[in-house]
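Student: One letter stands for each residue in the lines below.
Number of protein chains: 2
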Amino acid sequence: MPVTRNSDPEALFRAAKAGERVALPRLLSLVEQGGPASRAVAEIAYRAPDESYSVGITGAPGAGKSTLTNQIITQAIERGFDGADRVAVLAIDPSSPFSGGAILGDRVRMQNHSLDDRVFIRSMATRGHLGGLAVAVPDALRVLSAVGLPLAIVETVGVGQQEVAVAAATDTTVVVMNPGWGDAIQANKAGLMEIADLFVINKADRAGTRETRRDLELMLDLSAPEAWRPTIVETVASEGKGVAELWDAIGEHRNHLVTSGRLEVARRTRMEREFHQVLLIRLQEVINEMEDQGSFVGALEELAAGASDPYRAADEVLVRLGVMAAPGGPGGSTAGG
Amino acid sequence: MPVTRNSDPEALFRAAKAGERVALPRLLSLVEQGGPASRAVAEIAYRAPDESYSVGITGAPGAGKSTLTNQIITQAIERGFDGADRVAVLAIDPSSPFSGGAILGDRVRMQNHSLDDRVFIRSMATRGHLGGLAVAVPDALRVLSAVGLPLAIVETVGVGQQEVAVAAATDTTVVVMNPGWGDAIQANKAGLMEIADLFVINKADRAGTRETRRDLELMLDLSAPEAWRPTIVETVASEGKGVAELWDAIGEHRNHLVTSGRLEVARRTRMEREFHQVLLIRLQEVINEMEDQGSFVGALEELAAGASDPYRAADEVLVRLGVMAAPGGPGGSTAGG
Numbered sequence: 002m003p004v005t006r007n008s009d010p011e012a013l014f015r016a017a018k019a020g021e022r023v024a025l026p027r028l029l030s031l032v033e034q035g036g037p038a039s040r041a042v043a044e045i046a047y048r049a050p051d052e053s054y055s056v057g058i059t060g061a062p063g064a065g066k067s068t069l070t071n072q073i074i075t076q077a078i079e080r081g082f083d084g085a086d087r088v089a090v091l092a093i094d095p096s097s098p099f100s101g102g103a104i105l106g107d108r109v110r111m112q113n114h115s116l117d118d119r120v121f122i123r124s125m126a127t128r129g130h131l132g133g134l135a136v137a138v139p140d141a142l143r144v145l146s147a148v149g150l151p152l153a154i155v156e157t158v159g160v161g162q163q164e165v166a167v168a169a170a171t172d173t174t175v176v177v178m179n180p181g182w183g184d185a186i187q188a189n190k191a192g193l194m195e196i197a198d199l200f201v202i203n204k205a206d207r208a209g210t211r212e213t214r215r216d217l218e219l220m221l222d223l224s225a226p227e228a229w230r231p232t233i234v235e236t237v238a239s240e241g242k243g244v245a246e247l248w249d250a251i252g253e254h255r256n257h258l259v260t261s262g263r264l265e266v267a268r269r270t271r272m273e274r275e276f277h278q279v280l281l282i283r284l285q286e287v288i289n290e291m292e293d294q295g296s297f298v299g300a301l302e303e304l305a306a307g308a309s310d311p312y313r314a315a316d317e318v319l320v321r322l323g324v325m326a327a328p329g330g331p332g333g334s335t336a337g338g
Numbered sequence: 002m003p004v005t006r007n008s009d010p011e012a013l014f015r016a017a018k019a020g021e022r023v024a025l026p027r028l029l030s031l032v033e034q035g036g037p038a039s040r041a042v043a044e045i046a047y048r049a050p051d052e053s054y055s056v057g058i059t060g061a062p063g064a065g066k067s068t069l070t071n072q073i074i075t076q077a078i079e080r081g082f083d084g085a086d087r088v089a090v091l092a093i094d095p096s097s098p099f100s101g102g103a104i105l106g107d108r109v110r111m112q113n114h115s116l117d118d119r120v121f122i123r124s125m126a127t128r129g130h131l132g133g134l135a136v137a138v139p140d141a142l143r144v145l146s147a148v149g150l151p152l153a154i155v156e157t158v159g160v161g162q163q164e165v166a167v168a169a170a171t172d173t174t175v176v177v178m179n180p181g182w183g184d185a186i187q188a189n190k191a192g193l194m195e196i197a198d199l200f201v202i203n204k205a206d207r208a209g210t211r212e213t214r215r216d217l218e219l220m221l222d223l224s225a226p227e228a229w230r231p232t233i234v235e236t237v238a239s240e241g242k243g244v245a246e247l248w249d250a251i252g253e254h255r256n257h258l259v260t261s262g263r264l265e266v267a268r269r270t271r272m273e274r275e276f277h278q279v280l281l282i283r284l285q286e287v288i289n290e291m292e293d294q295g296s297f298v299g300a301l302e303e304l305a306a307g308a309s310d311p312y313r314a315a316d317e318v319l320v321r322l323g324v325m326a327a328p329g330g331p332g333g334s335t336a337g338g
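Respectively, the protein sequence lines represent chains A and B. One point on numbering: in this note's numbering, the residue at position 112 of the first sequence is 113, and numbering is uninterrupted. One point on numbering: in this note's numbering, the residue at position 23 of the second sequence is 24, and numbering is uninterrupted.
Everything labelled a hint here was simulated from the structure, so no lab data went into it. Note that the coordinates shown come from a computational prediction; the quantities given were computed from them, not determined experimentally. From the three backbone atoms N, C-alpha and C, an ideal C-beta is built for every residue, glycine too. Incorrect hints may have been included.
Stated by the list, open to error - Here's a subset of chain B near chain A, in silico, CB distances under 8 Å, partners left out:
hint, residue
1, 43
2, 44
3, 48
4, 272
5, 273
6, 275
7, 276
8, 285
9, 287
10, 312
11, 315
12, 316
13, 320
Given these sequences and hints, build the entire structure.
Tutor: Here you go:
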């Protein structure tokens, strides 16, 4: 049994709900680790109703995401939805191997909330884990909800596709940019137009704000969905300017989702996506077990001899596994065969 | 048949070998696309002997990788191994959605070789493709070898783990850094010590070069494998300084691999890794097909009703697929059950 007495999920959930500060970080550590322990945590978390609200914050490095998150924390505890006054922040560490330096500073900056009992801050990273963040973050959000935290902010530190996808897997996704030629076009290229429920032009005391807003409006004219046109909010987060308006705009989007019934639909879609991701991770584990049992020896020898290629070798294994029909059958790859 | 007459792989290989300049880019496009067309290309490429040599270049952004690659190209065509005078460069575009700007400049910089018949340069990106680069780049290297190009340089533009892994999947991996406190430590943290066959301290006319070299030597004292201690070369790529020495060092590493028999072993290991990656991609396709056929409807309804969690739902599908034993059996997840 890898689950020791100290990390028994049921007991940890009870303790976390009772306000024991060590319990929640331990639950999230289990989620981060993956494996059987995280599954036991997920089993409990997913059976609790999904009642907390999540906000994702993403955007290019240097756009001021951490400063903004800091300000949103203040709004959340002072002007929380339905009178709520507590908030959790998940800071998603980059999977990039090259950015160790900047993160610590950002995290430290957020620490002026760290002694506040109403604020729970945690960094999450699942380095080296296949698709790890794509399941760990949704799981973590369900854990936060199950222990009764009413609001969760997911801030991505990194700039990879995985981090952007994670920030997008929230109820309201905020894309942060800065004034300046090309920023809106970059956002469009990066697929951020599709995930944004709300744009923030941060550092809006700088030149180029009007142009960036105009670019964004133009792109929204072309592509915004009919049901919700993303709001554009200008902020100077370092001075707290525009942050109350940003919080209002997040609240408006939340109202739109709740009253239109879209909140439930979107959450169901996200859960399906997570299910796919978990399925893939499980299949990877099955492959690793097959490898350990020597199931691939023949295929690899053919490969090394130049008598096969990785695609043909993989297909042969899948046919043997029974998940794929032999070439020519449905699902079989017949190209070039 | 998705393979049209114009993109028939056999004909394209013949044309590329005969020196038709449009044929090779078309083959690489097919590889990049994935799917049946890329499989037909791989089938031919993997049956040809793997006779070309590959050099990977990676390191933090701004370290001067492109300038260095440019200089290595010159060395390769003037002082190629065994009298070879041709080289291919694969510039791996970042999967990061935020870095459109810098790349173009780098590519343009490399274009002073673009009119040279001995130099073939191509950018590769497989955005949105699960593990795409991890199979597309090895496939592309086999294509380059099959059409008779004796040397391939894989330069990563991006900084993600995937790009680093791709650069490491070459015969000689060069890690580029700059003088300055902490660069060597960063490299160590990022796992670059493990993949480097050769370190370049570029911009070595700047302060801190001696300290960076000392840090590196210290780390190599602790961790370098007995068979090969990575060489450290100092360059000022923008002035061409140290580049001939770098080329010599690459040649020495190549000699070491060839004479020790490690070249063949390493290549076989890499092919096994690619095979695993292809297996995973194929399994993803199988999952997508199941989804299309409505195989997940029941599991997703349970999920939505809060009667299950993504892990349990995935396990149920795998049991049904026959790739996993029912809970309690080998490979089954019994935690929390």
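Student: Are there hints from earlier that the structure breaks, and if so, what are their numbers?
Tutor: Checked against the structure, the only hint that fails is number 13, while the rest are satisfied.
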